[in-house]
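Peer 1: Going line by line, the protein sequences match chains A, B and C. With the first letter of the first sequence counted as 1, position 102 gets the number 102 in the UniProt record's numbering; the numbers rise by one all the way through. With the first letter of the second sequence counted as 1, position 41 gets the number 41 in the UniProt record's numbering; the numbers rise by one all the way through. With the first letter of the third sequence counted as 1, position 114 gets the number 114 in the UniProt record's numbering; the numbers rise by one all the way through.
Keep in mind the hints are simulated off the structure, nothing from the lab. Some hints could be false.
If we take Cβ atoms under 10 angstroms as the criterion, some of the chain B residues that face chain A in the derived model are [unchecked claim]:
| # | residue |
| --- | --- |
| 1 | 48 |
| 2 | 49 |
| 3 | 93 |
| 4 | 126 |
| 5 | 146 |
| 6 | 147 |
| 7 | 148 |
Here are the simulated SDA-like cross-link-like pairs (lysine to any residue), alpha carbons at most 20 angstroms apart as the crow flies [stated by the list, open to error]:
| # | chain 1 | residue 1 | chain 2 | residue 2 |
| --- | --- | --- | --- | --- |
| 8 | A | 116 | B | 74 |
| 9 | A | 82 | B | 139 |
| 10 | C | 107 | C | 71 |
Note that the structure is a prediction, hence the values are computed from the model and not measured. Note that beta-carbon positions come from the ideal geometry of N, C-alpha and C, so glycine has one too.
If you want the building blocks of each chain, they are given just below.
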Amino acid sequence: MISSLVVAFVVGGLICVVGQFLMDGLKLTPAHTMSTLVVSGSILDGFGLYEPLIAFAGAGATVPITSFGNSLTHGALEEAEKHGLIGVLTGMFEVTSSGISAAILFGIIAAFIFQKRNTTY
Amino acid sequence: MDQKQFEDIVEKQNPKTPMFTNMLKAFLVGGIICTIGQLIIFFYIRFFSFTERTAANPTAATLVFIAMLLTGFGYYKKISQFAGAGSAVPITGFGNSVVSAAIEHKTEGYVLGVGGNMFKLAGSVIVFGVLSAFFVALIKTILVKIGVVSW
Amino acid sequence: MKNKWIVILLFLTLGACSDAPERVVYPSDDLELEKILDKQDSIIGYKSLMDNNTLLVSIEIPTMKRFSKVKIEENIKKELENEYPNKKVIVIDDLKIKWEIEKIIEKEHESKELTKSIEKILALSKEET
């Protein structure tokens, strides 16, 4: 168990370093950086590399935003395997939903509870 | 204005970021967030009927919830000023951008303000995630159909 | 800066409460199964349950080999299927499954209950999202 915590720390940290490099080194805006990471997660899953990474690093691979692209692609691929090409369309959100639905739900709850501050968040 | 003056102005506009320190900070904070994620995964496996495979979903939701609290109380901004990508890349950063946009536009009403602007910052992630997932899955499905690769 | 290290240390110590990998076969009269699992060098521990129809093995793969988790699971599964052709064989590396198996072994279920609890675990392992 302790080893999986260490691996999660290192792998998750490294993915964030890649993000920081895209921001600082290649001067991308945060939105571009996030989109790039999501796309790379999706492509990695296309090559079947992201699932082994999850098996290896656990939360180190599922918590960064790259896993978002992975799970979208993974849902699409799984459906495509069952139903052919049409599954690509229908399967996409099959696996991903929790992150997005949580964000929507908690976003609305936050809008209820919290007041706007002078600082931007 | 000669070349040197121009370069000076550019230099002032883009202050040199200490790249190595920033990366180290991103590594530490991002790593810590993922470690917390792993602890939450252990929690869900231990006390609920989730396996290692399924526990990632409630963990994502929990992390977004934590991000909501931190954003609402104004701590997330401080963290992200320190950590840069370290706090933006994990799913908490996604949650933060949604929640902050929701709070920010609360005054414009719940439908137009909150509903309309919630994905202002996070929308690009979803759009390009779906787009690339579509193409990757499409290409792979076609490749499988013509027998180049297998699932 | 100091606080950060305290937090990191805290996580590390929290994570330390885990036990060494074990090798358990239940019911324990099957020496053949133990032999097969013992000679697998890609795993460090295993726990297995068996009833009349099913053979359920939870394996523990060392962290650095977990990249090829699916392959290792499949290899061991194939080997076991050769040995037990009329049983449904499930080989899986998962903390939850391992813990559930431990619980069942502790309770020393009899054959009927054993089948029931194995079915429960199977349902768990099939869930995908």
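Peer 1: All hints, please: hold or fail.
Peer 2: A quick look at each hint next to the structure:
1. 48: violated, 14 angstroms
2. 49: violated, 16 angstroms
3. 93: Result: holds, 7 angstroms to nearest chain A Cβ.
4. 126: It holds, given that the least Cβ distance between residue 126 (chain B) and chain A is near 7 angstroms, below 10 angstroms.
5. 146: Result: violated, 12 angstroms to nearest chain A Cβ.
6. 147: Interface hint status for residue 147 (chain B): violated (15 angstroms vs cutoff 10 angstroms).
7. 148: Since the shortest Cβ distance to chain A is 13 angstroms, the answer is violated.
8. A:116 - B:74: holds, 10 angstroms
9. A:82 - B:139: holds, 16 angstroms
10. C:107 - C:71: violated, 32 angstroms
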